[in-house]
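Novice: Here are the chains, one letter per residue:
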Amino acid sequence: MKRHVLNPLWASLAIVGVIIGGGRFLVPDDFGVHGRNFTYGYYRLGSLQDWKDFPVKYQGRDSCTECHEENTRLNSGSVHADIQCENCHGPAANHPDGVADGVQSVSIDTSRELCLRCHAYLGYTNSSRGAMPSVEDSRHRRRRECSGCHNPHNPREES
Amino acid sequence: MTCSRRDFLKEAAGTAAASALPLSAFVLLSPEEARAAVADSKARYAFLIDTNKCIGCGLCVKACKIENEVPYDAPVTRNWVERYIITKDGKVHIDSPMGGRDGFLDNNMYGEEIDPEDIAKTFFVPKGCNHCDNPPCVQVCPVGATYQTNEGVVLIDRDWCMGCAYCIMACPFGARFFHPVHKVADKCTFCYHRIKKGLLPACVQACAFGARRIANLKDLDDPATKVIMTERVAVLKDLYGTKPHAFYLGLDHDVR
Numbered sequence: 001m002k003r004h005v006l007n008p009l010w011a012s013l014a015i016v017g018v019i020i021g022g023g024r025f026l027v028p029d030d031f032g033v034h035g036r037n038f039t040y041g042y043y044r045l046g047s048l049q050d051w052k053d054f055p056v057k058y059q060g061r062d063s064c065t066e067c068h069e070e071n072t073r074l075n076s077g078s079v080h081a082d083i084q085c086e087n088c089h090g091p092a093a094n095h096p097d098g099v100a101d102g103v104q105s106v107s108i109d110t111s112r113e114l115c116l117r118c119h120a121y122l123g124y125t126n127s128s129r130g131a132m133p134s135v136e137d138s139r140h141r142r143r144r145e146c147s148g149c150h151n152p153h154n155p156r157e158e159s
Numbered sequence: 160m161t162c163s164r165r166d167f168l169k170e171a172a173g174t175a176a177a178s179a180l181p182l183s184a185f186v187l188l189s190p191e192e193a194r195a196a197v198a199d200s201k202a203r204y205a206f207l208i209d210t211n212k213c214i215g216c217g218l219c220v221k222a223c224k225i226e227n228e229v230p231y232d233a234p235v236t237r238n239w240v241e242r243y244i245i246t247k248d249g250k251v252h253i254d255s256p257m258g259g260r261d262g263f264l265d266n267n268m269y270g271e272e273i274d275p276e277d278i279a280k281t282f283f284v285p286k287g288c289n290h291c292d293n294p295p296c297v298q299v300c301p302v303g304a305t306y307q308t309n310e311g312v313v314l315i316d317r318d319w320c321m322g323c324a325y326c327i328m329a330c331p332f333g334a335r336f337f338h339p340v341h342k343v344a345d346k347c348t349f350c351y352h353r354i355k356k357g358l359l360p361a362c363v364q365a366c367a368f369g370a371r372r373i374a375n376l377k378d379l380d381d382p383a384t385k386v387i388m389t390e391r392v393a394v395l396k397d398l399y400g401t402k403p404h405a406f407y408l409g410l411d412h413d414v415r
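Order-wise, the sequence lines are chains A and B.
Letter 39 of the first sequence, counting from 1, is numbered 39 in my numbering, and no numbers are missing.
Letter 26 of the second sequence, counting from 1, is numbered 185 in my numbering, and no numbers are missing.
Bear in mind the hints are in silico, worked out from the structure with no lab data behind them.
A hint or two may mislead.
[As the list claims (entries may be wrong)] In silico lysine-lysine, PhoX-like type, Cα no more than 20 angstroms apart, as pairs:
{"id": "1", "chain 1": "B", "residue 1": "Lys-212", "chain 2": "B", "residue 2": "Lys-385"}
{"id": "2", "chain 1": "A", "residue 1": "Lys-52", "chain 2": "B", "residue 2": "Lys-402"}
{"id": "3", "chain 1": "B", "residue 1": "Lys-201", "chain 2": "A", "residue 2": "Lys-52"}
{"id": "4", "chain 1": "B", "residue 1": "Lys-402", "chain 2": "B", "residue 2": "Lys-385"}
{"id": "5", "chain 1": "B", "residue 1": "Lys-377", "chain 2": "B", "residue 2": "Lys-356"}
{"id": "6", "chain 1": "B", "residue 1": "Lys-280", "chain 2": "B", "residue 2": "Lys-247"}
{"id": "7", "chain 1": "B", "residue 1": "Lys-356", "chain 2": "B", "residue 2": "Lys-201"}
{"id": "8", "chain 1": "B", "residue 1": "Lys-201", "chain 2": "B", "residue 2": "Lys-377"}
{"id": "9", "chain 1": "A", "residue 1": "Lys-52", "chain 2": "B", "residue 2": "Lys-280"}
[What the hints assert, rightly or not] Now the in silico label distances, taken between C-beta atoms and shown as ranges:
{"id": "10", "chain 1": "A", "residue 1": "Asn-37", "chain 2": "B", "residue 2": "Arg-164", "range": "54 to 60 angstroms"}
{"id": "11", "chain 1": "B", "residue 1": "Gly-249", "chain 2": "A", "residue 2": "Arg-144", "range": "37 to 43 angstroms"}
{"id": "12", "chain 1": "B", "residue 1": "Tyr-325", "chain 2": "A", "residue 2": "Glu-66", "range": "46 to 52 angstroms"}
[Claimed, not checked] To spell it out: a stretch of chain A is covered by chain B in this simulated footprint if at least three of its residues, at any positions, have a beta carbon under 8 angstroms from a beta carbon of chain B; those stretches are:
{"id": "13", "segment": "54-65"}
{"id": "14", "segment": "127-141"}
Ideal placement from N, C-alpha and C gives every residue a C-beta, glycine not left out.
Make the full structure from the sequences, and use the hints.
Specialist: This is how it looks when you write it as structure tokens:
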């Protein structure tokens with residue numbers, strides 16, 4: 001056969017060989033069908049462990065109550081009892097042992113904007129937002145921090 | 160035919176060994192082991208979202224961004240809250256500034272001030288990845304970098320994703336985005352690192368109103384599963400056939 005036929009043939013076979021052979025080395029051993037079928041479950045098994053190892057930042061109310069008894073007592077039973085401590089105080093992460101990557105140490109957000117997330121008056125009378133006790137931002141004690149007058153742990157008590 | 164004692168013993172031993180071999184190839188599995196072998200699991204996670212309870216505080220978005228190290232001020236987010244205002248003239252106004260990360264403090268929507276007097280109805284819809292049973296984002300991945308776990312959670316392998324963004328275009332819900340730091344596709348992981356430790360996802364934990372909940376559909380005693388089984392729930396974009404697993408209570412027909 002002529003060279004103009006054979007040379008491209010060998011070249012293409014070599015390329016296919018390099019791709020298949022290279023794949024043997026480069027694709028991790030744990031790559032395969034681990035889920036329900038090839039379409040949805042073809043993946044690298046180690047990826048599951050990578051995600052499991054992702055650091056937890058929000059530790060939840062239970063991790064706060066042990067040390068911060070006074071605030072827990074004040075908060076329990078109040079209308080704010082359903083709010084997670086970390087929503088205002090920031091994620092605990094490794095607190096009190098240290099600070100995780102990408103997270104500032106526990107810092108209290110006392111800003112007016114935080115309270116207005118729920119308590120800004122919008123006039124939505126038909127929805128549950130309308131049922132929230134709310135103030136008109138432009139009329140009620142402008143630019144002052146709410147916690148000066150209202151106790152955030154238990155709004156029914158004075159600050 | 161002659162048969163010496165030596166030959167007889169040899170043959171007999173060989174036959175015994177040969178018949179024992181196939182038996183040892185069978186292993187008796189307990190039901191749990193059998194279930195694990197066919198890649199079934201005890202959990203199928205789903206979201207249960209009650210739009211009647213959401214007041215649009217956006218604390219779920221804030222918690223998600225911090226928990227999952229999504230760049231806080233970049234215009235990308237794994238979950239978001241949409242505000243719908245239907246005015247009395249029948250117009251539907253929808254917005255979600257920064258995904259609702261800072262809540263909704265006024266009635267300014269895209270520069271238009273909406274008078275509370277004109278409002279017919281309004282509601283908030285928390286959204287995110289629906290962890291579909293037939294995820295189109297997984298089907299289109301050319302390299303096997305995104306997949307569905309046995310618990311129904313759709314995840315992305317950050318080491319294997321090459322950032323081609325096919326999946327971002329394939330998702331009918333807009334739940335995927337390009338991660339500006341890792342340069343790969345990114346989306347809600349159902350807080351896989353948290354649910355595997357028995358914690359709630361960050362958005363569910365942060366919600367003070369119970370608007371976002373999770374259900375394990377394989378646990379029929381799960382209170383959220385009972386709600387999905389017995390009450391009237393809807394999913395987003397049912398016609399796409401992706402079988403979304405975020406179930407909504409109180410979904411309006413204007414929600415898209």
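Novice: State for each hint whether it applies.
Specialist: Going down the list of hints, with the structure as the test:
1. B:Lys-212 x B:Lys-385: holds, 18 angstroms
2. A:Lys-52 x B:Lys-402: The given pair, whose Cα atoms are some 26 angstroms apart, is violated under the 20 angstroms limit.
3. B:Lys-201 x A:Lys-52: Since the Cα atoms of Lys-201 (chain B) and Lys-52 (chain A) sit roughly 18 angstroms apart, the hinted pair holds (cutoff 20 angstroms).
4. B:Lys-402 x B:Lys-385: holds, 19 angstroms
5. B:Lys-377 x B:Lys-356: holds, 18 angstroms
6. B:Lys-280 x B:Lys-247: holds, 8 angstroms
7. B:Lys-356 x B:Lys-201: holds, 15 angstroms
8. B:Lys-201 x B:Lys-377: Within the cut-off at roughly 6 angstroms; holds.
9. A:Lys-52 x B:Lys-280: violated, 42 angstroms
10. A:Asn-37 x B:Arg-164: 54 to 60 angstroms: holds, 57 angstroms
11. B:Gly-249 x A:Arg-144: 37 to 43 angstroms: holds, 40 angstroms
12. B:Tyr-325 x A:Glu-66: 46 to 52 angstroms: holds, 48 angstroms
13. 54-65: Our answer is that it holds, as 6 residues pass the Cβ test (under 8 angstroms) against chain B, meeting three.
14. 127-141: holds (count 5)
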